[in-house]
Amino acid sequence: MNQMDLRRSILLLLTLSFLVSSLHASEGDADPIYKSCLDECEESGCAGKICFQHCKFSSDGKPIDGPWYLQEPLYQKWKQWDCRADCRYHCMIAREEQREKHGDKPIKYHGKWPFQRVYGIQEPVAVAFSALSLAVQFHGWLSFFILMNYRLPLRPDKTTYYEYTGLWHVFAVLAMNFWFWSAIFHSRDVELTEKLDYSSAVALVGFSLILAILRAFNLRDEASRIMVAAPLIAFVTTHILYLNFYELDYGLNMKVCMAMGVAQLLIWGVWAGVTCHPSRWKVWLFVVGGILAVLLRIYDFPPFKGFVDSNALWHAISIPLTCICWSFVEDDAELSTSNLLKKTN
3 MNQMDLRRSI LLLLTLSFLV SSLHASEGDA DPIYKSCLDE CEESGCAGKI
53 CFQHCKFSSD GKPIDGPWYL QEPLYQKWKQ WDCRADCRYH CMIAREEQRE
103 KHGDKPIKYH GKWPFQRVYG IQEPVAVAFS ALSLAVQFHG WLSFFILMNY
153 RLPLRPDKTT YYEYTGLWHV FAVLAMNFWF WSAIFHSRDV ELTEKLDYSS
203 AVALVGFSLI LAILRAFNLR DEASRIMVAA PLIAFVTTHI LYLNFYELDY
253 GLNMKVCMAM GVAQLLIWGV WAGVTCHPSR WKVWLFVVGG ILAVLLRIYD
303 FPPFKGFVDS NALWHAISIP LTCICWSFVE DDAELSTSNL LKKTN
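FYI, the numbering for the sequence shown is 3 to 347, going by my numbering.
Just so you know, the hints here were simulated from the structure itself, not pulled from any lab data.
Hints are supplied without guarantee of correctness; some may be wrong.
[What the hints assert, rightly or not] Mimicking SDA-like on lysine to any residue, the simulated pairs with C-alpha atoms at most 25 Å apart in a straight line are:
#1 K257 x K51
#2 K37 x A236
#3 K160 x I186
#4 K197 x A236
#5 K257 x K160
#6 K284 x A295
#7 K197 x V175
#8 K160 x R222
#9 K51 x H112
Please work from the sequences and hints to get the whole structure.
Okay, here's the thing in C-alpha cells:
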C-alpha cells in the first residue's frame, strides 16, 4: 500500500467513525445550553436553583467533604439516582421548558425522550399500564386455570382434554414475567433493568410464535412440537445471550421482536381466515389490535406533556388485547373439550 492509499484509508476510517458516533448521539446531547448546564451541575451540584446532596459524594459513595452521617440514603442508592442522572434530568427539563417557550418541538437526550418524573418514577404512565397489564394477565390466567381444573371435565388420570393447556400456562408465566420487568424498567432505566426487560420480551414473543404455530397447524404429537420449538428456542436463547453478554443492541432487539411478532400475527390471521372456529372473530380483533400495536412501536413520537408517548399507548392497547386473548383461549378449550368428549362417547 502506497502513501496515498494509506492516507485515503485513514480518512475513510475517520469519516466512518464520525458517522457511527453521530448515529449513537441524540440531538439534545449536542445542545450547547444543555451541555453548559450539565457541566456546571456536575461541578457545583446544582441545576439552577435545585441542588443535590448526593453530588457531594464520589463514585464509590464516600463523602467528598463533611461528616459520615451525610451518607447517601439507601433508597437513592437502590434507584441509582446519582449526581449525573439528576443533573441530566433537571438540565433536560429546564432546556425543554426554554425550547417550548420558543415553539420548538421536544428532542431526545441520551437516546431518550424528555419524560416528567413522578415520585422518582421515570415513565409513570408506562409503569401504570404495565402494572395494569400484569394484573389483567394474572386474572386471565387464573380464570383459565379455574376453567380447566374445576369447570370442565377431566380425563381419568386427572389431566385436561385440551391439548394446549400446559403451553398456555407457560405463556402466562412468561407474559407476567415480562410485564413485571416492564414496570420495573420504565420506573428506572439502568443496564440491569434494561437487560431484564429486553430478555423477557424476547422470551415472550418467541414462545408466542411457537404457540401460534402449534395451535394454527393443530400439532399435537410430541415429535412435531419439538421439531417446531427446538430451532426457535435455540434462536431466542442465542439472542438473549447476545444481548446480555455481548452487546445490548436496542435496534437489533427491536427488529427481532418485530419480525417474530409480525409472523405470529400473520399465522393467526391466516388461521382465522380459513377456520370455522366460532370464536374466530376474537382472533381477528386480536390481529387488528396487534397491527395497531406494531405501528405504535414503529412510529416513535415525543411524550405528550412529558408523559404519554407511543410506547405508553402500546402498553395501553395491550390491556384489551390480553382480555381478548384469554377469552379466545377459554372458548377454544371449551370447544376442544366438547369435541373430544363427543368422540369418546
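>> Check whether the Cα positions of K257 and K51 lie no farther apart than 25 Å.
In response: With a Cα-Cα distance of about 43 Å, the restraint between K257 and K51 is violated, given a limit of 25 Å.
> Between K160 and I186, is the straight-line Cα distance small enough, at 25 Å or below?
Replying inline: violated, 38 Å
> Keeping to a limit of 25 Å between CA atoms, is the pair of K257 and K160 held or broken?
Replying inline: violated, 42 Å
> CA of K197 to CA of V175, is that 25 Å or under?
Replying inline: The given pair, whose Cα atoms are some 18 Å apart, holds under the 25 Å limit.
> Taken at face value, is the distance from the CA of A236 to the CA of K37 at most 25 Å?
Replying inline: violated, 44 Å
>> Checking one constraint from the list: CA of K197 to CA of A236, max 25 Å. Satisfied?
In response: Measuring from Cα to Cα gives roughly 19 Å; hence the hint holds.
>> Tell me if the straight-line CA distance from K51 to H112 falls inside 25 Å.
In response: holds, 23 Å
> Does K284 pair with A295 here, judged by a C-alpha cut-off of 25 Å?
Replying inline: Holds, because 16 Å separates the two Cα atoms, which is no more than 25 Å.
> Going straight from one Cα to the other, do K160 and R222 come out at no more than 25 Å?
Replying inline: Judged against 25 Å, a Cα distance of about 19 Å means the pair holds.
Violation of the numbered hints given earlier is confined to hints 1, 2, 3, 5; the remaining hints are satisfied by the structure.
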